[in-house]
Amino acid sequence: MLIASYKCKLEERINQEIYLPERIYSCMMYTMQNVDLEEFKDLYIKTAVEYVHILKDKLEEYTTEGNKNLLQALFMASHSLKGQSYAMNYNDIGKVSREIELFFQDAQNLKRIPQSNELDAIGELIEYLSLSIESIQNNSVEIPLDQNHNNLLSLIHKNSYTI
Amino acid sequence: MKIAVIEDDVFFQKFYSTRLTEQGFETLVASDGDEGLAMIRAQKPNMILLDIIMPKKNGFEVLEEMKKDPEISSIPVLVFSTLGQEDDVKRALSLGAKDYINKSFFDFSNLISKIKTIVK
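Chains as they are written, first to last, in this note's numbering: chain A, 1 to 163; chain B, 1 to 120.
Check the hints yourself; a few may be wrong.
No more than 27 Å apart at the CA atoms, straight line, and that leaves these computed lysine-lysine pairs for DSS-like [to be verified]:
(1) A:LYS46 x B:LYS67
(2) B:LYS57 x A:LYS56
(3) A:LYS41 x B:LYS67
(4) B:LYS68 x B:LYS14
(5) A:LYS95 x B:LYS14
Have a look at the derived ranges for each label pair, beta carbon to beta carbon [to be verified]:
(6) A:ASP36 x B:THR117: 49 to 57 Å
(7) A:HIS53 x B:THR18: 20 to 28 Å
(8) B:LYS2 x A:GLY123: 40 to 48 Å
(9) B:PRO70 x A:ASN138: 51 to 59 Å
(10) B:GLU64 x A:GLY66: 26 to 34 Å
Just so you know, these hints were derived from the structure itself, not from any lab.
Quick caveat, the model's predicted, so the values are computed rather than measured.
Ideal Cβ positions, reconstructed from N, Cα and C, are used throughout, including at glycine.
Model the full assembly from the supplied sequences, consistent with the hints where possible.
Put into structure tokens, the structure is as follows:
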């Protein structure tokens with residue numbers, strides 16, 4: 001009953017406002033989903049693995065060549081992985097993907113110049129994504145973010161983000 | 001009723017086309033803006049679910065092209081968004097989209113309600 005009431009309040013707020021704080025968004029992942037996600041798990045894993053491969057390959061290319069055209073591919077892959085991970089309630093994978101997405105969006109829009117230590121951090125975070133998806137495949141759970149992951153996320157996070 | 005899903009992400013394509021088909025809608029799927037526009041012009045769906053960030057032509061470009069084409073300009077569009085796309089949603093609404101839905105919520109009853117409101 002309480003959950004239903006909370007859900008209604010949240011839905012009302014979404015209808016009234018486009019702005020959506022991230023902490024409310026995380027809560028909604030638990031309260032609003034009414035579909036059997038298991039049915040989509042295999043498809044999630046298949047597509048998530050493909051996105052992680054793109055991220056690995058393009059990051060390596062970008063690190064060695066510095067070709068700015070690769071930023072779009074890195075942005076698109078992280079954007080897609082973010083959306084489907086949050087949809088499946090894999091919120092830590094969603095969070096990491098979102099930070100990578102924001103990083104490459106800003107780089108594309110010339111709001112930041114990627115530094116080598118930041119690219120190294122992203123490489124480590126992509127490794128986390130890979131292991132976490134493997135964990136979902138084998139054990140049906142993602143790997144929780146630890147202090148090291150959070151430090152890496154802080155490194156690539158830009159304070160001017162509005163959410 | 002015919003609904004076009006224009007979305008590059010295979011995961012969301014599959015989810016939304018499966019669920020809409022189960023609800024009795026005829027579903028058409030396109031994977032990018034170019035393909036989507038061609039499909040809209042050929043099939044004239046009753047409504048369009050449109051992703052914003054896509055290859056070839058993005059959702060904004062699709063909305064702009066639709067506006068210029070009287071054959072398809074009146075077809076209602078509901079845009080897909082995800083976390084962090086608040087500004088994108090505002091821009092899409094200013095370009096003529098009727099409403100938006102956060103595709104990661106999987107709140108299907110809300111989607112059906114919006115579809116019914118828009119196409120009634």
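Hints versus structure:
no.: 1; hint: A:LYS46 x B:LYS67; verdict: violated (37 Å)
no.: 2; hint: B:LYS57 x A:LYS56; verdict: holds (25 Å)
no.: 3; hint: A:LYS41 x B:LYS67; verdict: violated (38 Å)
no.: 4; hint: B:LYS68 x B:LYS14; verdict: violated (30 Å)
no.: 5; hint: A:LYS95 x B:LYS14; verdict: holds (23 Å)
no.: 6; hint: A:ASP36 x B:THR117: 49 to 57 Å; verdict: violated (26 Å)
no.: 7; hint: A:HIS53 x B:THR18: 20 to 28 Å; verdict: holds (25 Å)
no.: 8; hint: B:LYS2 x A:GLY123: 40 to 48 Å; verdict: holds (45 Å)
no.: 9; hint: B:PRO70 x A:ASN138: 51 to 59 Å; verdict: holds (54 Å)
no.: 10; hint: B:GLU64 x A:GLY66: 26 to 34 Å; verdict: holds (33 Å)
Checked against the numbered hints listed earlier, the structure breaks hints 1, 3, 4, 6; every other hint is satisfied.
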